[in-house]
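Starting from the given sequences, assemble the full structure and let the hints guide the process.
Number of protein chains: 6
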Amino acid sequence: MIDRFNIAADILNLEESIRQKLQRPEKQIVVNFSITLDNGTTQNFEGYRVIHNTALGPSKGGIRYDNAVNLDEVKALAAWMTWKSAVTGIPFGGAKGGIICDPKNHSKTELEKITRAYTKALADIFGPEKDVPAPDMGTGPDEMGWLMDEFSLVHGKTIHAVVTGKHLHSGGSLGRVEATGRGVSIISLLALEKLKIRPARATAAIQGFGNVGLHSALFLYQKGIKIVAVSDVSEAFYNPEGLNIPELILYYNLNNKS
Amino acid sequence: MIDRFNIAADILNLEESIRQKLQRPEKQIVVNFSITLDNGTTQNFEGYRVIHNTALGPSKGGIRYDNAVNLDEVKALAAWMTWKSAVTGIPFGGAKGGIICDPKNHSKTELEKITRAYTKALADIFGPEKDVPAPDMGTGPDEMGWLMDEFSLVHGKTIHAVVTGKHLHSGGSLGRVEATGRGVSIISLLALEKLKIRPARATAAIQGFGNVGLHSALFLYQKGIKIVAVSDVSEAFYNPEGLNIPELILYYNLNNKS
Amino acid sequence: MIDRFNIAADILNLEESIRQKLQRPEKQIVVNFSITLDNGTTQNFEGYRVIHNTALGPSKGGIRYDNAVNLDEVKALAAWMTWKSAVTGIPFGGAKGGIICDPKNHSKTELEKITRAYTKALADIFGPEKDVPAPDMGTGPDEMGWLMDEFSLVHGKTIHAVVTGKHLHSGGSLGRVEATGRGVSIISLLALEKLKIRPARATAAIQGFGNVGLHSALFLYQKGIKIVAVSDVSEAFYNPEGLNIPELILYYNLNNKS
Amino acid sequence: MIDRFNIAADILNLEESIRQKLQRPEKQIVVNFSITLDNGTTQNFEGYRVIHNTALGPSKGGIRYDNAVNLDEVKALAAWMTWKSAVTGIPFGGAKGGIICDPKNHSKTELEKITRAYTKALADIFGPEKDVPAPDMGTGPDEMGWLMDEFSLVHGKTIHAVVTGKHLHSGGSLGRVEATGRGVSIISLLALEKLKIRPARATAAIQGFGNVGLHSALFLYQKGIKIVAVSDVSEAFYNPEGLNIPELILYYNLNNKS
Amino acid sequence: MIDRFNIAADILNLEESIRQKLQRPEKQIVVNFSITLDNGTTQNFEGYRVIHNTALGPSKGGIRYDNAVNLDEVKALAAWMTWKSAVTGIPFGGAKGGIICDPKNHSKTELEKITRAYTKALADIFGPEKDVPAPDMGTGPDEMGWLMDEFSLVHGKTIHAVVTGKHLHSGGSLGRVEATGRGVSIISLLALEKLKIRPARATAAIQGFGNVGLHSALFLYQKGIKIVAVSDVSEAFYNPEGLNIPELILYYNLNNKS
Amino acid sequence: MIDRFNIAADILNLEESIRQKLQRPEKQIVVNFSITLDNGTTQNFEGYRVIHNTALGPSKGGIRYDNAVNLDEVKALAAWMTWKSAVTGIPFGGAKGGIICDPKNHSKTELEKITRAYTKALADIFGPEKDVPAPDMGTGPDEMGWLMDEFSLVHGKTIHAVVTGKHLHSGGSLGRVEATGRGVSIISLLALEKLKIRPARATAAIQGFGNVGLHSALFLYQKGIKIVAVSDVSEAFYNPEGLNIPELILYYNLNNKS
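Residue numbers (my numbering), protein chains in the order written: chain A, 1 to 258; chain B, 1 to 258; chain C, 1 to 258; chain D, 1 to 258; chain E, 1 to 258; chain F, 1 to 258.
Treat the hints as calculated values from the structure; they're not laboratory data.
Hints may contain errors.
The list makes no distinction among identical chains, and a pair is therefore deemed to hold if it is satisfied within one copy or across any two copies.
Within a straight-line C-alpha distance of at most 20 Å, the following computed EDC-like cross-link-like pairs (lysine to aspartate or glutamate) qualify [stated by the list, open to error]: (1) 223 with 149; (2) 196 with 3; (3) 226 with 46; (4) 21 with 46; (5) 120 with 193; (6) 21 with 38.
The structure presented is a predicted model; accordingly, all values stated were derived computationally and were not measured.
And the structure:
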């Protein structure tokens with residue numbers, strides 16, 4: 001992150017004090033909390049929230065649940081969120097968060113307790129006009145709903161706007177699930193246009209077939225781009241004549257993979 | 001800190017999950033901010049606030065300004081504050097904070113700007129019923145006054161109770177300056193009593209002659225204890241017949257040392 | 001309410017604890033307050049607000065002024081509001097309120113005092129993100145305006161969103177007055193469609209000719225449905241050839257009935 | 001309550017509207033909430049809080065846990081608290097609360113969950129300057145500590161002043177446990193003085209030997225009054241020569257009765 | 001005020017920018033509001049609140065009701081309050097307020113309405129930690145009680161600390177009524193001491209026999225000072241042998257004058 | 001303002017008490033504050049905010065920086081804002097503010113300090129639901145951005161809605177810059193229509209060529225109206241055949257005039 005930032009800063013001829021300000025997050029918070037597991041024992045967890053910059057508005061950024069989460073990674077991702085909001089002209093700053101845990105090893109009940117304890121610890125930090133979380137690796141609409149509910153309980157009223165990426169019935173937005181994949185396909189098509197390559201003559205290989213990869217593949221396929229390869233953490237498909245993406249999605253769904 | 005904690009935990013036969021909870025601070029906050037120096041340039045600073053535990057009440061603990069401040073040190077000191085409040089039966093928890101800076105290299109104007117920027121960044125964390133700072137190494141009534149004033153500005157009203165150790169005219173307490181030294185002398189005399197040593201037959205050597213050392217020396221001297229040695233970072237005094245502490249304090253004051 | 005709920009619960013195979021939760025309101029508040037009447041004497045009033053469920057969002061529901069209002073009625077109506085919001089997919093919960101009084105026996109001044117005293121007593125309960133009142137039997141835009149004004153006074157700022165059903169100049173919505181009647185006509189036409197009855201061959205009889213009945217009649221009439229009968233608390237009109245609804249509305253307006 | 005109030009009101013010649021105001025509580029709140037029991041099932045509970053009058057200041061009054069609690073009883077008790085504060089010149093009003101449950105049939109974990117759920121439901125009602133709970137039948141320092149902790153969690157800071165009757169280490173007051181019994185003994189001695197009966201010639205019979213009865217007995221015994229009879233829900237002691245109260249307390253403690 | 005300030009500023013050698021800051025009030029607020037008089041008509045009133053300085057803490061100062069009140073007078077009085085707090089070492093700033101009205105021409109009901117309307121208009125300005133009113137010319141415990149009650153209503157909780165000078169049963173302080181007169185007598189006796197005049201040989205003439213003059217006379221009389229003259233707006237008493245102050249007070253009370 | 005108001009009030013047959021209410025502003029605030037100038041000296045400033053009426057909603061109105069600003073002017077302008085909102089049916093009231101200063105004599109740094117100090121002094125008055133400033137003479141998007149940033153700092157979250165007229169990247173609205181000029185041109189064309197004058201046969205002379213005059217000229221020019229004269233504070237252009245407005249704008253821009 002810092003390397004790329006410095007290249008951009010050199011091009012912009014940024015003065016030293018502004019570089020330093022942009023290289024360091026405004027605020028980093030580390031919280032420790034414990035929950036009672038389903039087996040009755042108590043486990044401690046460490047969670048992070050890094051607010052990189054709020055010059056343009058409330059900070060915005062996902063929360064990831066992963067055993068490999070660490071403060072340095074979260075700091076870098078928070079900075080990327082600042083650039084992302086700024087270059088797209090959205091009046092938001094950048095943030096990111098995470099909890100060291102393997103969501104696959106926890107029941108729904110335990111994940112709810114983890115999310116609620118993390119939210120309570122950060123109830124002064126989050127807020128519609130302060131810092132707005134979103135789903136990221138290992139989190140989704142359920143986690144966002146628990147976060148929103150706990151935040152609402154602490155503040156004594158329903159505060160839908162404290163998270164994005166929640167379920168529709170909790171006030172989530174239509175189209176949120178496929179939004180990132182849709183974005184990938186739009187920007188790919190724009191890139192083709194700039195490179196003067198006709199979609200019908202382009203091919204694509206897609207690494208990862210979760211929420212983002214799947215929808216990217218589908219949208220590109222629908223635009224007539226030949227998807228020759230798709231892979232995820234456990235298997236890969238290759239067909240130089242182009243894969244049938246709708247069938248592949250069906251296969252994934254039937255095998256409960258995505 | 002952890003070693004001593006474990007010895008105590010073994011004696012108390014504490015269960016593992018409580019040990020883990022007490023070994024880790026509830027919340028650690030790292031803030032970055034910048035000020036305009038007197039020479040017109042901008043300088044960035046990193047500050048910390050660690051809230052170790054609030055089970056017994058709002059957290060309490062000093063803020064130090066020092067070039068060697070780091071997060072690990074602040075974490076350890078915050079834990080000591082938890083034990084200190086708990087064993088003395090005060091309904092407060094433990095916290096500590098710090099800013100990486102050398103207060104001797106900054107003008108009063110710069111120190112005020114540093115203190116105000118740090119306070120603004122932590123305005124959601126501090127509070128009379130949440131977390132109450134105090135002076136520590138490199139800080140005193142001036143810094144506490146600036147902190148209180150900035151906190152009051154942010155909250156739109158005068159909040160005297162957000163810090164202890166402020167000036168008398170800002171609502172500080174009489175006796176606060178000499179309190180720590182007085183405590184050292186009281187506990188020393190109680191130790192003598194327990195050891196069945198009469199004060200008149202005891203001698204003392206005092207390392208450090210700042211606010212704490214000076215008042216400890218004075219109170220012990222007034223109780224008839226022979227102070228045979230006193231030292232600070234630059235010089236040492238030794239007299240097996242006992243030093244004249246009031247004269248020594250006068251000498252320090254005249255030479256602007258303490 | 002409970003009987004119908006149990007039928008639905010049986011169909012959904014709801015577990016016992018959820019049934020109990022849904023059968024009982026989350027919160028019931030009874031307030032007593034007094035106002036000075038126009039004749040200088042003091043009269044006491046009892047008012048209710050029942051919040052049935054807020055799982056989906058802030059609770060929503062009308063306030064009725066009627067001599068026959070009682071807590072049990074308000075509890076049942078609040079539950080209906082929960083089902084109404086839920087089945088239409090609106091992120092709101094259900095509530096209802098009422099005051100025991102006969103609005104026809106009170107001057108505008110007295111009704112304003114009653115509304116303001118009731119609002120002040122419930123100022124901690126209402127709120128755009130907590131519980132949003134609306135007009136019901138015996139209340140209308142005037143009462144909603146007084147409620148909004150008193151709520152705004154108590155909170156020191158203009159809070160338009162605390163009620164729906166207010167006057168346009170206070171930020172009310174266009175189309176609110178005829179909305180319920182419009183809904184009745186839409187759902188009637190959908191029912192006809194489902195029953196494969198052409199509107200031109202349908203007839204309708206409408207019981208009640210206040211705000212809801214009047215607009216239902218008008219919208220159905222405009223769609224070509226023959227309205228053969230209309231009645232209210234004091235009179236009834238019947239014409240097997242179909243009534244001229246616009247003329248009937250004119251008659252009602254001229255006689256100051258609706 | 002109403003009968004005695006009317007007698008007093010007649011003596012004071014109170015006008016009708018003020019009688020009505022004082023006969024009816026300002027606010028009654030009924031809440032329903034559920035907890036997960038130790039056996040994994042969910043149980044619903046109904047709780048009450050009645051604020052009788054706040055003309056003189058924040059309302060004050062205990063919370064009882066008992067299977068026989070009902071809204072009418074709580075209303076009457078809340079009114080008694082108003083008179084109690086008023087006649088003793090304390091700037092507080094009167095309130096009372098309760099939960100329908102048998103504390104003897106619930107584990108500490110369940111009682112904590114019940115207390116926290118009740119507190120969360122009433123978080124807008126309680127407050128150091130609004131309504132201050134205290135222990136009553138079936139509740140004690142543990143319940144007050146849980147209430148204070150949950151209230152503090154909801155408000156994001158430690159709020160010791162929201163309850164009285166908490167543990168010393170949570171900021172409770174010395175002498176709170178024996179205070180009610182001490183009050184009974186003081187007023188009894190004053191009554192003797194007024195009746196011109198010397199304590200040494202007085203005898204006492206005490207019904208109930210819980211916290212209040214036990215300390216009343218002890219304080220009167222220490223003043224030389226002969227306690228001839230003591231009884232509680234399961235047994236009674238009688239000795240016309242006077243019971244040895246310290247021994248009786250020891251017996252109760254050993255048998256884990258009080 | 002400005003003249004005397006400049007003399008003091010010259011002695012202190014104050015720099016120009018600080019002089020300017022201290023000569024001008026931080027904030028002046030003028031509010032217009034109307035009430036319904038007892039005769040049913042509406043009357044408009046203009047009220048003032050001037051906060052001169054809050055450097056040392058929340059501002060403090062009385063509110064006067066008088067036909068001759070004007071913004072310039074209130075500004076000058078607010079500044080005097082700043083000096084008063086500062087020289088006596090109280091951590092408060094200075095303020096003053098007033099309403100243009102003749103309290104003798106208004107019923108209690110009208111005065112209550114005036115006080116409540118003024119308070120509502122200034123609900124954002126007053127506060128225990130912001131600006132604390134007190135009685136002044138034309139106001140007393142009743143006005144302070146109404147102000148406190150209205151302020152409490154607006155904030156939804158009892159806030160005793162927003163005013164001083166309220167009735168004892170509303171949480172007022174013992175000794176407040178006679179406090180100013182007591183202060184006059186104490187400072188007079190200290191002046192005599194400094195001038196080496198024995199009280200027994202001193203005489204006093206007192207202009208004004210309201211709350212302040214009456215108690216000054218009484219306290220000086222009790223210390224053996226001969227009060228030779230007393231006057232108020234309508235009459236004067238002179239006796240070179242000394243007036244009998246207790247009798248004079250009795251006379252005033254009987255004639256309903258003070 | 002008062003004269004024209006009285007004419008309208010006579011036409012509306014307004015009763016006296018309502019006239020008085022509408023003639024006088026609800027609240028006038030005068031603040032004094034000081035900043036450190038670029039040359040190191042301290043300068044004091046006086047600022048105003050007048051809230052004329054909030055019956056229809058939060059008050060709305062610009063802030064002007066000008067040496068000739070005075071309280072009477074601000075009061076009159078605030079009243080015009082009330083009428084403006086009311087006659088256009090917007091649920092807002094009227095306000096206006098100003099600071100006595102010549103913005104041309106201050107650097108950007110000083111203007112920022114002035115704006116922030118003024119905002120801090122009025123932080124209790126402004127607010128999205130209370131009082132919403134906008135640019136006026138001598139202020140623009142920069143001042144609104146500083147005001148919004150300072151208000152956000154004081155409240156600990158980003159509050160975009162506290163001002164209108166801010167930069168696009170701070171959440172400002174597209175079209176805001178040219179909005180007033182566009183309004184002038186729309187209303188002029190409507191006037192022509194009413195007078196039955198075809199635009200092609202109309203001529204216009206425009207006094208002032210700042211933001212409003214320039215855009216009015218441009219929009220009218222684009223509609224085919226012949227602009228025969230344009231003037232500003234330093235020069236005037238006249239051409240009976242019609243001026244080329246786009247070229248004139250270019251000339252102004254090149255000479256850095258508008």
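Original post:
Looking back at the numbered hints, which does the structure fail to meet, lowest number first?
Top reply: Numbers 1, 2, 3, 5 - these are the hints that the structure violates, sorted from lowest upward.
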